[in-house]
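Asker: Listed below are the residues making up each chain.
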Amino acid sequence: MATLAAPARQPGGVGQRGPRGPRRRSPWFHVAMIPFTLLYISPLVFVVTVAFRSFDDIVTRGLGALPASFTFDGFTTAFGAGTRNALLNSAIVTVTTVLLTLLLASMAAYALSRFAIPYRRTILLVMLAGNLLPPQILLIPVSKISEALGIYDTLTALIVVQLGFGLGFYTFVLHGFMRGIPREVFEAAIVDGAGAGRTYLRIVLPLCRPALAALGALATTWVFNDLIWAMTVLRTETKFPITAALLNLQGSFVSEWNVVAAGAIIAAVPPAIVFFLFQKHFVSGLLVGANK
Amino acid sequence: MADRRRARLGIMTLAPAAPQGATVSPPRPRQTLGRRLRRVPLVVWVFLAVPLVVELAWVFWPAINSFWLSTTSWRGVGVPESVGLGNYRALLEDPIFATALRNNAIWVVLFGGASVVGGLALAVALNRPRPGVGIYRSAIYLPMVFSLAVTGLFWRVMYQPGGSVNTALELVGLGSLTRPWLADPETALYAVLIAAVWRQVGYIMVLYLAGLKSCDPTLEEAASVDGASAWQRFWHVVMPQLRGVNTVVFAVTVIDSLRTFDIVWAMTRGGPYNSSQLLSTYMFQQGFTIVNLGYGSAVAVVIFVLAIAFIITYLARASRQEED
Chain A
1 MATLAAPARQ
11 PGGVGQRGPR
21 GPRRRSPWFH
31 VAMIPFTLLY
41 ISPLVFVVTV
51 AFRSFDDIVT
61 RGLGALPASF
71 TFDGFTTAFG
81 AGTRNALLNS
91 AIVTVTTVLL
101 TLLLASMAAY
111 ALSRFAIPYR
121 RTILLVMLAG
131 NLLPPQILLI
141 PVSKISEALG
151 IYDTLTALIV
161 VQLGFGLGFY
171 TFVLHGFMRG
181 IPREVFEAAI
191 VDGAGAGRTY
201 LRIVLPLCRP
211 ALAALGALAT
221 TWVFNDLIWA
231 MTVLRTETKF
241 PITAALLNLQ
251 GSFVSEWNVV
261 AAGAIIAAVP
271 PAIVFFLFQK
281 HFVSGLLVGA
291 NK
Chain B
1001 MADRRRARLG
1011 IMTLAPAAPQ
1021 GATVSPPRPR
1031 QTLGRRLRRV
1041 PLVVWVFLAV
1051 PLVVELAWVF
1061 WPAINSFWLS
1071 TTSWRGVGVP
1081 ESVGLGNYRA
1091 LLEDPIFATA
1101 LRNNAIWVVL
1111 FGGASVVGGL
1121 ALAVALNRPR
1131 PGVGIYRSAI
1141 YLPMVFSLAV
1151 TGLFWRVMYQ
1161 PGGSVNTALE
1171 LVGLGSLTRP
1181 WLADPETALY
1191 AVLIAAVWRQ
1201 VGYIMVLYLA
1211 GLKSCDPTLE
1221 EAASVDGASA
1231 WQRFWHVVMP
1241 QLRGVNTVVF
1251 AVTVIDSLRT
1261 FDIVWAMTRG
1271 GPYNSSQLLS
1281 TYMFQQGFTI
1291 VNLGYGSAVA
1301 VVIFVLAIAF
1311 IITYLARASR
1321 QEED
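Just so you know, the sequences run in chain order A and B. Our numbering applies: residue 1 is where the first sequence begins, and numbers increase by one. Our numbering applies: residue 1001 is where the second sequence begins, and numbers increase by one.
These aren't lab readings, by the way, just hints derived from the structure by calculation. Wrong hints could be hidden among the right ones.
What the hints assert, rightly or not - Pair ranges (Cβ atoms, derived):
| hint | chain 1 | residue 1 | chain 2 | residue 2 | range |
| --- | --- | --- | --- | --- | --- |
| 1 | A | Asp56 | B | Arg1269 | 23 to 31 Å |
| 2 | B | Arg1075 | A | Gly80 | 33 to 41 Å |
| 3 | A | Glu237 | B | Leu1085 | 34 to 42 Å |
Heads up, the beta-carbon is just placed ideally off N, CA and C, and yes, glycines get one too.
Make the full structure from the sequences, and use the hints.
Answerer: Here you go:
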């Protein structure tokens, strides 16, 4: 049933589970895991050190050498080359898309979960199917449709297409969650004289907060990290979100690895912040639709 | 209060106008509470219609269009001219398409295999609560939050001739193995694959951790009492309970493999000499780089056809989940 209820009901998701089973005190676990984990995050560490090295240092001592310099030059150059503007574009697109998607998806989920809409299960599954389609099959027509509508090469086109593509999944998840809300809650609302719209605004949305938070955290990283839709509907560099701008940066600073690394770090920081702030929601978001 | 109630009834009387909307009788003041709950007011139809129209216009309509475009030789100007199945016949003889298809098969097997084995192993290792386990888990799924483009750039830096991969190989005395990983047609595909697996393992681990959490621990204890080894317990007791997660992981892995685009585009753009070309990158090149829209659409349709069985698998599972 409530697809999302399970992870949402287990706060802490990771690392804070109640004691179950015997606690082992063997040191071998850490002896194996510490080097493994360090190796696992070593690409991150390496890129960060490259980003803070000076270009001269990299040229004279090699990319793989231990750093002998510390400078923000890479970041300054990357910002100057337009990543600042690209970050702003990404922020606009992400915030708008996530809010609109959650709004529309919760509306559809409310309609499908609480009312006798004919074929509601079919509608729900068809909507979900839309999200599972390979985007490749949509790319060419989507670019043509946005051209025909005169919104090609605008952030609006990017927002609308991401909105349409994501809707099915979010609707499905919220539908599962809303079905878990006890019937009595809705009966009480009717008795109090609340109409369908009012019930949605005053009761359903507040009750769905955990699901909305999980989906919001996940959707933020998805939309922020998108590349293929941006490449499909945008052409002007100043309108690029950070992912697409990053590839341009790579093209124009081919051997200036400190700049490329700095650009990659700049693009990685916002989703990392979302991750650390909403870790609990993010993890339950990852499980959405997949648990059980 | 009374006003508001009348207004609501006013809305409700409109509802039956909608297609077979209120399947129940027209509104009467003395209906049971249950019926009033389930009848569909106009505002709810609007709630459903707006998202549905957006999705139809931006997902289903374009998808249908792709099928039609794939039977034309359109280059973006003028009227698309029908060529029947000509594009598909051309695909059969297209060596780059064959490479892309083969690479995609390699990708599904290795990307899926490595991330599932790795993710499952880590989930089992990190399943039990103990000090520090949260830190290991976070570190392992952290890459998941970075975009595939960023992941690609991270690893591009790693793979550079003087980068850390080669430096590390030299340090451990394997200097003879060093090479420009992404520029060598022999290794480009696998180099990209490793980067993709690095990012995916954390996600698979999270899925399996959730699956393990819902496993019944008493079964394992019983098997242990019966003298089953750790491996036997895992393979014969735990694995069968993970069947649901396995289905999801399997479907998601194949669907994602067929979609994979960003990371290849960020690292190699399908090169060198098409050695890391996947169906999706080839489709993009045909459609957007050389604006061969009909042909690109045909590749897209092939991707769709390969994915459809797995999409249905996932949907079947999702619908069962909705039922109970």
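Asker: Does the hinted range 23 to 31 Å hold for Asp56 of chain A and Arg1269 of chain B at CB?
Answerer: 30 Å, holds
Asker: Does 34 to 42 Å hold as the CB distance between Glu237 of chain A and Leu1085 of chain B, or does it fail?
Answerer: 39 Å, holds
Asker: Take a look at whether the Cβ-Cβ distance between Arg1075 of chain B and Gly80 of chain A falls inside 33 to 41 Å.
Answerer: 38 Å, holds
In this structure, none of the earlier numbered hints is contradicted; all agree with it.
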